[in-house]
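Asker: As a plain string of letters, each chain reads:
2 protein chains.
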Amino acid sequence: MSGSISPLAPKSYASMPALRGLRMATASAGIKYKNRTDVLMMVFDKPAAVAGVFTRSKCPSAAVDFCRANLPHGAARAVVVNSGNANAFTGLKGREATTLTAKSAATAVGCGENEVYLASTGVIGEPLDATKFSGVLDQMHKDATGDFWFEAAKAIMTTDTYPKVATRSAEIGGVKVAINGIAKGAGMIAPDMATMLSFVVTDADIAPAALQSLLSAGVDPTFNSMTVDSDTSTSDTLMLFATGAAAEDGQTRIESADDARLASFRAALNDLLRDLALQVVRDGEGATKMLEITVTGAESDAAAKKIALSIANSPLVKTAAAGEDANWGRIVMAVGKSGEMADRDRLAIWFGDVRVAVNGERDAGYSEEAATNVMRRQDIPVKVDIGLGNGTATVWTCDLTKEYVAINGDYRS
Amino acid sequence: MSGSISPLAPKSYASMPALRGLRMATASAGIKYKNRTDVLMMVFDKPAAVAGVFTRSKCPSAAVDFCRANLPHGAARAVVVNSGNANAFTGLKGREATTLTAKSAATAVGCGENEVYLASTGVIGEPLDATKFSGVLDQMHKDATGDFWFEAAKAIMTTDTYPKVATRSAEIGGVKVAINGIAKGAGMIAPDMATMLSFVVTDADIAPAALQSLLSAGVDPTFNSMTVDSDTSTSDTLMLFATGAAAEDGQTRIESADDARLASFRAALNDLLRDLALQVVRDGEGATKMLEITVTGAESDAAAKKIALSIANSPLVKTAAAGEDANWGRIVMAVGKSGEMADRDRLAIWFGDVRVAVNGERDAGYSEEAATNVMRRQDIPVKVDIGLGNGTATVWTCDLTKEYVAINGDYRS
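Which chain is which? The protein sequence lines are A and B, in order. Sequential numbering from 14 applies to the first sequence in the working numbering. Sequential numbering from 14 applies to the second sequence in the working numbering.
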């Protein structure tokens, strides 16, 4: 495992303001190692509205099952995130561990167990000893403080080489609201080591159903449009909480996602989700390049996204990027294997502004040198026009390097 | 690109007998380089029955289009295979090149253009100068000889580290028949360098429709059940020819694939296809391990195959294999992301004979050392029981190593 920071890491980190209605603390519960920070607790002073989207895996972790079951209740008082043990593929013991953790958190905070949310990353298949949380959570609840975002982002890192934070502000009906978020993830999944988790909190006053609509719509062009290695975690979790503290400033509660006053908030939220998602791609295991792949002219937006992901997940496209090789033949291959409608004789392909292929042939005016210059950049825009319809999509990925193989092949041995 | 032979290469090669009714020759046509063998010609003395299966890519090469168009005619007199230029993504010029090549071959052999079959591998997007074939094919037709299988297999190699040959015998109605085949391929696709091609010939007398049924049924559990890197070529081609020479020994022509006399032939053909397919996997770019992944207990055979391919194509499963890591958590992940029905609490997983997980939990009796010993082998059997139904499938793949990244990342630069 490399100890160095991704070359694609942000040059500077956002200064993260405290967010009204939320306090956080970290601690060492000794889940896997002694004296290592392995628990993050988020505490909402009053019940916060809550929304969540989770892994589509058919084998989700016990924590994902637990969160899904609590969501219809719509209110959150505490979030407990642990590293060192994913509590996935742990059967009945896994469910017992989530129950016990929720009980400990509920006792510490003084709330119902259905107001607790859980996320776990780490070794899978290993029973999680949830008794370790009991005393710890009490103390964390007492210690929790508002100005703690950066520390929280660091606490949930695994193979990440940098903490992922983002903040935005928006207005609702003239009242200023804030949105803060953190994320972790470097492989989309690598059981025992990495998984994608993200927690976003706003002080806006928004009802759970509206919050869920905003989040579900926002995740598709952001977190669900990026891929590091095509492998989907059993534990992927993205949650959005609304503390409602902005009501003190006169913000009227938003009940519906269709409310016109949400325009600014929706834009800021989507921008923040995109920011966090791109930070995850840019920390992709072994990454040296970020590829932004835009597909236009597909039969539908869904078809465009399937083609774009076929390109983004192709090992041959990703190794070519690592080699700074403007290998558009591999793009053609990936379009062809996607299964979506494509007419070879209408395809056009660009690296940056350099059109390398058009009408199913190499572009006569194409300069290999110009294309290679684009490939030498850290951020490489790739555009493919299918020439059939109006469907478009943009997805992000990173290159596939020997370092990725080293991180994932040398890990447990 | 590594110059060494795959550690998984066969310890010895089959001795390939001549096959009645077929002659072959190789030559240098100067397609990409001077003085390098780059054309293989197969000539059938009399029209052979023909069947073919081709890439499912939506962007197939001009040669694939050409073969598909000729197949309904059902008879073959000549096959021309060139390396150095894939004639893929070459638009109208690509079609002109296939027409001209077919014309040259038809003139040389004295047959119709619809009795010619073509396959090309090499650079994509580069127009193929088919005029280079004209004089060459005449001479090849004159030089063609029967005892040439091993040379033919070597002539079509690209990133392959060893030639792929196989031979079987069978009987039809008491008459002995032979089946010979060659294949090439090391990446499922790597435009500019590699693609999967295979040509199989029998001296049995079998009508085209029956031959096509046999081939279409045979390809699913063999060539379509292996993956090196999940990338599908624009040029994948598998063809089966029947010269009918066994009629001289009294074999009665087979008109239907349902004919009971085909039992021995079908078994031999499928065994040969499996042999060639496994040789391709074992020569996977950078491979040091071969994984045989068997899924049982899925809802259907199709579901089992989708789950098996999800495991076989997972970069994290493949890098774990390279690291000799019995990382069954990544198997759970790959089952979960397949999209097929799976119940975490019924899953069981084996490496070789070592059951590592059962009923959705780590197997209590599981020995990490025993599992690691299995991972140290060159050939690693992985078995997953879904516990839901009777669907089964077996697929083959290889590990993902730094050498794969080197071969495909360093290639054009």
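Among the clues, some could well be false.
Just so you know, same-sequence chains aren't split out, so a pair can sit in one copy or run between any two.
[Claimed, not checked] Calculated pairs, SDA-like style, for lysine to any residue (alpha carbon to alpha carbon, straight line, at most 20 angstroms):
(1) Lys415 / Thr301
(2) Lys319 / Gly352
(3) Lys319 / Arg69
(4) Lys45 / Thr171
(5) Lys319 / Val188
(6) Lys45 / Glu381
(7) Lys106 / Tyr379
(8) Lys189 / Ser28
(9) Lys106 / Asp376
(10) Lys415 / Ala220
(11) Lys106 / Asp356
(12) Lys106 / Gly378
(13) Lys415 / Glu312
For the record, the hints were derived by calculation from the structure and aren't laboratory data.
Asker: Take the hints in turn and mark each one as holding or not.
Answerer: Hint check results:
1. For the homomeric pair Lys415 and Thr301, the shortest alpha-carbon distances inside one copy (11 angstroms) and between copies (15 angstroms) are both at most 20 angstroms.
2. When the C-alpha separation of Lys319 and Gly352 is checked against a cutoff of 20 angstroms, the pair qualifies both within a copy, at 8 angstroms, and between copies, at 15 angstroms.
3. For the identical chains of this complex, Lys319 and Arg69 are neighbours both inside a copy (16 angstroms) and across copies (16 angstroms), given an alpha-carbon limit of 20 angstroms.
4. In this assembly of identical chains, the alpha carbons of Lys45 and Thr171 lie at most 20 angstroms apart only when taken from the same copy (13 angstroms versus 49 angstroms across copies).
5. Neither within a single protomer nor between protomers do Lys319 and Val188 lie at most 20 angstroms apart by alpha-carbon distance, with minima of 40 angstroms and 51 angstroms respectively.
6. Proximity of Lys45 to Glu381 under the C-alpha cut-off of 20 angstroms is restricted to the inter-copy arrangement: shortest distance 18 angstroms between copies versus 51 angstroms within a copy.
7. Proximity of Lys106 and Tyr379 under a CA criterion of 20 angstroms is satisfied inter-copy only: 17 angstroms between copies versus 60 angstroms inside one chain copy.
8. In this homomeric assembly, Lys189 and Ser28 come within 20 angstroms of each other (Cα to Cα) only inside a single copy, at 18 angstroms, whereas the closest approach across copies is 80 angstroms.
9. In this homomeric assembly, Lys106 and Asp376 come within 20 angstroms of each other (Cα to Cα) only across copies, at 13 angstroms, whereas the closest approach inside a single copy is 60 angstroms.
10. With identical chains, the CA atoms of Lys415 and Ala220 are never at most 20 angstroms apart, being 47 angstroms at best within one copy and 50 angstroms at best between copies.
11. Within a single copy, Lys106 and Asp356 get their C-alpha atoms only as close as 52 angstroms, which misses the 20 angstroms cut-off; across copies the closest is 16 angstroms, which meets it.
12. Only between protomers do Lys106 and Gly378 lie at most 20 angstroms apart by alpha-carbon distance; the minimum there is 17 angstroms, versus 64 angstroms within a single protomer.
13. Within a single copy, Lys415 and Glu312 get their C-alpha atoms no closer than 36 angstroms, and across copies no closer than 37 angstroms, so neither meets the 20 angstroms cut-off.
The structure is inconsistent with the numbered hints 5, 10 and 13, although it conforms to all the rest.
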